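**Q** Let the sequences and hints guide you as you build the complete structure.
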Amino acid sequence: MTFVNEAIVDISGLTKTFGTTRALDRLDLTVTRGEVHGFLGPNGAGKSTTIRVLLGMLRKDSGEVRLFGGDPWRDAAHLHRRLAYVPGDVNLWPNLTGGQVIDLLGRLRGGLDEERRHGLVERFELDPTKKGRSYSKGNRQKVALVAALASDVDLLVLDEPTSGLDPIMESVFTEYVEQFRAGGGTVLLSSHILAEVERLCDRVSIIRSGRRVETGTLADLRHLTRTSVVAELARPVTGLAELPGVHDLDVQGERAIFEVDTVRIDEAVGLLHRAGIRSLTATPPTLEELFLRHYGDEIPAADPEREADGS
Amino acid sequence: MTGTGRFLVAFLRRDRWHYLWWALGATLLYYSQAVSVKGLYTTQAEFDRAAASMQDNTAFIAMAGPARALNTIGGQVMWQASAFGAVVVGLMSMFLVGRHTRVEEESGRDELLRASAVSRHASLTAALVGSLLANVLVGALVAVSLVSFPLDRADSVAVGVGLALCGWVFTGAALVAAQLTSSTRGMYAVSGAVIAVVYALRAIGDVGDPVLSWLSPIGWYQAMHPYSGLRWGPALLLLGLAAAASGAAYALFGRRDFGGGVWAARPGPDRAEPSLTTALGFAWWLQRASIIGWTGGIALLGLAYGSIGDDVGTLIGDSSGSQDVFVQGGGSLVDGFYAVAIAVIALVGAGFTVSSALRPHSEEESGRVEVLLATGLTRRRWLLAQVVVTIAGTLLVLAGGGLGLGVGFGLVTGDGGRIGPFLLDTVGYVAPSLVLAGLARLLYGVLPRWAYLAWAGLGLGVLMVFFGPLLRLPGWLQGLSPYHHLALVPAEPFRWLPFVALLLVAGALTAVGLVGFGRRDLR
Ligand SMILES: Nc1ncnc2c1ncn2[C@@H]1O[C@H](COP(=O)(O)OP(=O)(O)OP(=O)(O)O)[C@@H](O)[C@H]1O
Ligand SMILES: [Mg+2]
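Chains P and L are the protein sequences, given in the same order.
Numbering-wise (the working numbering), the first sequence opens with residue 1 and increments by one.
Numbering-wise (the working numbering), the second sequence opens with residue 1001 and increments by one.
No lab work stands behind these hints, which were simulated from the structure alone.
Please note that the accuracy of each hint is not assured.
Which stretches of chain L does chain P cover? Using the computed rule of at least three CB atoms under 8 Å from a CB of chain P, they are [unchecked claim]:
no.: 1; stretch: 1224-1230
no.: 2; stretch: 1357-1369
Computed footprint of chain L on chain P; a stretch qualifies when at least three of its residues, placed anywhere within it, have a C-beta under 8 Å from a C-beta of chain L [claimed, not checked]:
no.: 3; stretch: 88-96
no.: 4; stretch: 126-133
Computed from a predicted model, the values in this text were never measured in an experiment.
Ideal Cβ placement from N, Cα and C applies to all residues, glycine included.
**A** Printed below as a string of structure tokens:
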């Protein structure tokens, strides 16, 4: 019944408005079985809204939303037994201990793996006897993470799950997510932490103002951006200025400095080669540059209110 | 103190309606006493006789305070309103302080503000000053209303000043509680207990050893003796205690962590017992403490009414006007009195019902529902479990009141035979109370923004029971209150038809609310 490339999450043309705010505007998103899918975008882009529609908390205005092939609005509870959700801001009941919350969420989901629960509590250095409000922000987050990671589920839906975790705990989290994927699990991970995305995600989708602006593997995305090139040549290079995809060209005698669209790098280096390369440094874009390009104002700015209040 | 002014302006803006409603409520409490006393007795001789019989009623003294100058309107106002008035400003101060201290810290909003360039104490000071001002407003309105009645000017001002000072003391106590505990609920529990103890001390003192009354700020307020030989000395005691309590709060504030309390939260079990992790078990757990508290409180109220026994005649006086109020149904005076007492118990108990029915709303507002409903738990089962707990809790609370009433009556009269009937009579009020719960469900499911309007339903019920017949309001208006339709047991025989009809209405409202909740966005 299961086959490779089966879509666990399949969203197309999803629109959701709150009053006059259009939070999602014909959004598409596909998460296939067995992948860790990064879900990125600036504050207020609509990530949490998408996840809440996917979990049947919000009703879509239009578009198609499938979760495990089912309708998340009609079959919410049934589908929820196969997934675990961690919000970015976990609120606990003041009189319930962390351990009680873990058991509560786990059992309502259909059961916990006792051994994994024990291991997670230990690794996250969580004190399960403390009550709701006496937990710090990071520790509240850990309670929800333990409950999610100790559940026997097929899909993890994580909305900025590590906000407030210290770097050591972050790496514990990363380790467990990798383990989960190795066991055949699928993950939808919304995050602002690029190192986490780079380490975990097989594919990413970037959204802005409620629309997907990019999707693919990180290598694909890198491919779509520019590489900076500095070359020392035997003789002055010709034809570079005319080559499409070359930007900010600066030629000083035998030295050429420029940026080139990564898809054009082969042709550019070909021209350099004809001029005799003495030395060459080509710097691929960093992840930050990649995201700044998508988050920054190269794309028409969304209305200011949506930029102002996120969450 | 940079930032204090900004905080204060923000708090005052957010609280302005709260101020107004509390002040109007307290003023109505005092002013309506003056109006009703004036209307009740037609001649001074009749007034004197009634006063003489009230003077010796221990139960009333325990409830209200020392009996002084009861044959004057001023004396009656002070006697009937001052203890409850002090409790009202105590609750107001507790909620106002709570809103801007623990509630803010729990929500984390305060953290943002504190991190911006304001002095450490800014929000604490603003919360203090805001509550002090609210109490001044209450005191001023009460004083002005009494002076305009007209009652003696200096004494009326003293009534207002004493009331405001009581509020200041409770403000200080609430501020201390906010530093000691680490949760909003904990803070309300401690502040509420302080109010209860202060009230109880003077009750015991007034009927027994007067020293105890001098340990209670409410006792000090009443020791100012307005309208019966006014003296200002006790007001200084109130002022001194308010200052001391506020000072203590500041000292404690410096010694605790943000988000924590001086009392460390006790650790609990590291695993959940199986009964907690079902929909119904969890809903019960969520409301258990509140059900126990309300049941205990209502049982005490019942006990107080019951302990008046069958000596009702002396209590009400022989004025035909006042007897009419209680004998609407045509039964005996004792039955008439207990019919009203049971209605009062039921209305107070409905406070539990409405707050319990709104519990899902506050759970959703605080963002705790989302993770629960992202599990195998359906929306319908989650809400249905809450409905079941509200029904069970309402039955328990009412049973507590009826049992207290019967036991109190039995203890005083030696006749235990009325325990059963009183219990049934009181529990019969489950039907109109559940209509209010149904209203809360309907609003929550369909118009969650307006969910708190369910309290207006209870307000209407209270108004109609107390003022409907008195003001001769039109039948359709009185009929809007679900309490209007029930037989006034035990003065009238119980009627099944309205009871069943009200339950059906409650069921229908609840059903619509459930369906609505299944169809709307979570917030
Ligand atoms: N319940 C709501 N009512 C009104 N507007 C909302 C509601 N929920 C979200 N929005 C709006 O929808 C837009 C998308 O918000 P969303 O929370 O999905 O962003 P996000 O991508 O998760 O941002 P962040 O990275 O800050 O978490 C924002 O403009 C937000 O103000
Ligand atoms: Mg978000």
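**Q** Against this structure, judge whether each hint is valid.
**A** Going through the hints against the structure:
Using a Cβ-Cβ cut-off of 8 Å, 0 residues of the stretch 1224-1230 of chain L lie near chain P, which falls short of the minimum of three, so the contact claim is violated. Counting residues of the stretch 1357-1369 of chain L whose beta carbon lies closer than 8 Å to any beta carbon of chain P gives 3, which reaches the threshold of three, so the coverage claim holds. Closer than 8 Å: that is the beta-carbon criterion, and the stretch 88-96 of chain P has 8 residues meeting it against chain L, so the requirement of 3 holds. By the rule of at least three residues with a Cβ nearer than 8 Å to a Cβ of chain L, the coverage given for the stretch 126-133 of chain P holds, with 7 such residues.
Hint compliance for this structure: hint 1 is the single one not met.
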